[in-house]
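Student: The lines below spell out each chain.
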Amino acid sequence: MPTRPLSPHLSVYRMSRYTLATSIANRFTGLALSAGLLLLVYWLMAVAGGAGSYARAARVLALPLAKLVYGALIVAFSYHLIAGLRHLVWDTGHALERAQSQRSAWLVVTVSLVLMLVIAWRVWLAGAHAP
Amino acid sequence: MSLRSPLGRVLGFGAAHDGVRHWWLQRLTSIALVPLTVWFVVSLLALPSFGYGTLTAWMSQSWTALLLILLVLTAAWHSQLGVRVVVEDYVHGAGARTLTLVLIGFAHVLLAAAGVFAVLKVAFGGAR
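These protein sequence lines map, in sequence, to chains B and Y.
Residue numbers -1 to 129, in the numbering used here, belong to the letters of the first sequence in order.
Residue numbers 245 to 372, in the numbering used here, belong to the letters of the second sequence in order.
Any given hint could turn out to be false.
[To be verified] Some chain B residues judged to face chain Y by a derived CB distance under 8 Å, without partners named: (1) Val67; (2) Ala70; (3) Val121.
[Said to hold, decoys possible] Computed from the model, here is a short list of chain B residues facing chain Y with C-beta under 10 Å: (4) Ser14; (5) Trp41; (6) Gly69.
Hint data in this document are derived by calculation from the structure and do not stem from the laboratory.
It should be emphasised that the depicted structure is a prediction, and the values quoted were computed from it without experimental measurement.
Glycine included, C-beta positions come from ideal geometry on N, C-alpha and C.
Here chain Y stands alone, though its shape is the one from the complex (with noise of 0.2 Å):
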């Protein structure tokens, strides 16, 4: 039996390896979130209050800025990578599926883009 599909035996190129790329990330994301989103629990319950200035003054730090931005670029690309499976999983029909994984894309990136505005936004003291 070969393990090759009729179509690979026709373009007979061979593995492209690009097969391992979204396990890899979704392990190298996770990895990096398990520092990332500990720091942030902790720091959160390490805040005194919950109000404007603190919240302002803690965000403007160099190093909560930089956490936080890291923090949301990571989430964002491990919850893409989640998301993608589950609707791999559970969305049949290819346009369905193509079209929500490119709503879901969107969805994740605009995620990031908003966060690292809002952190930089606050960091540079333009939230006021």
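Chain B on its own, in the form it takes in the complex (with noise of 0.2 Å):
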């Protein structure tokens, strides 16, 4: 092993709960949505297909088990938006401290909850006046 020091330094941070809670969440959503990539790709070649295959496509995506799927994607579509701006600030240089970084995490999880219930009303009513 070499001396010098190694990337990541793990060991040498004190992991307090909310870094640890935000920057998983974020790997967390990041992945859920690549899945939704997956969703919206079947989605477009479903549509490409033709009408019958996007008939078939669309009882599939409409079953109970999806609709889990989307309100999942809403929550990680919401909250890797707003956490990704916050990584995005971070870039820059500013708002490292500690103090500053908390306060973040805490308005970084406030504004994603009213993203996502902003967007779940949104789909509800969407649904409710479907025919």
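Please assemble the complex out of the two chains, which come individually in their own frames, going by the hints.
Tutor: Written out as structure tokens, the structure reads:
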């Protein structure tokens, strides 16, 4: 082993709960959105396959299990978007102090929760008006 | 203490200046995905229905098709960069890791190509 410092220097950090939680949540929601990309492409391919293929896919996409997936994707999108913006601010070298990052962690959770509720509300509205 | 690795000292090439490439691309794609994903979610919510006719009419509009293609390409790129890091962190053993990374790369290229193909097919009126 070389004696120089190697990344990641996990042992030198004292991970407080909020840093750990916001970081791992960003990773999990990112992975969930990768699965969402799979769903998006499946949906696009179904449309490209014609009316018959879309009707078959629409039946799968209307299953109760699919609704659970949409809910998870709304949560994942809202969180990953807002947490990603926090990362972009960090990348400019700003707001890295402990107090600031603690505050921004709560801000991310609050704003992404609001965004989740707004999207879920709009989806529910659209569902209520659907034929 | 020298910060250079033994291999680096022997080769004597210095830095390849390629180390920030992954980091930089992840940022670029994330910045692009902010407007693209927000547009996509807002557009989906604004659709009057998810009927076949409505969707094909929507996807046939030039701007919709263009933005959908950009969304699929950028999302696939960003996803590949992100999943790659997760694999590098948690899949140990050079063979398993390389194999996983290759498969994940192929899967993302397939997703990107399929998404672009599907949008173009609908936009050019090939789906009926």
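Student: For each hint, tell me whether it holds in the structure or not.
Tutor: Do the hints match the structure? See the list:
1. Val67: Cβ of B:Val67 sits 15 Å from chain Y, so the hint is violated.
2. Ala70: With a minimum Cβ separation of about 15 Å from chain Y (threshold 8 Å), the hint on B:Ala70 is violated.
3. Val121: 7 Å, holds
4. Ser14: Hint on B:Ser14: violated, closest Cβ of chain Y at ~20 Å, above 10 Å.
5. Trp41: 9 Å, holds
6. Gly69: 14 Å, violated
The earlier numbered hints that this structure contradicts are 1, 2, 4, 6.
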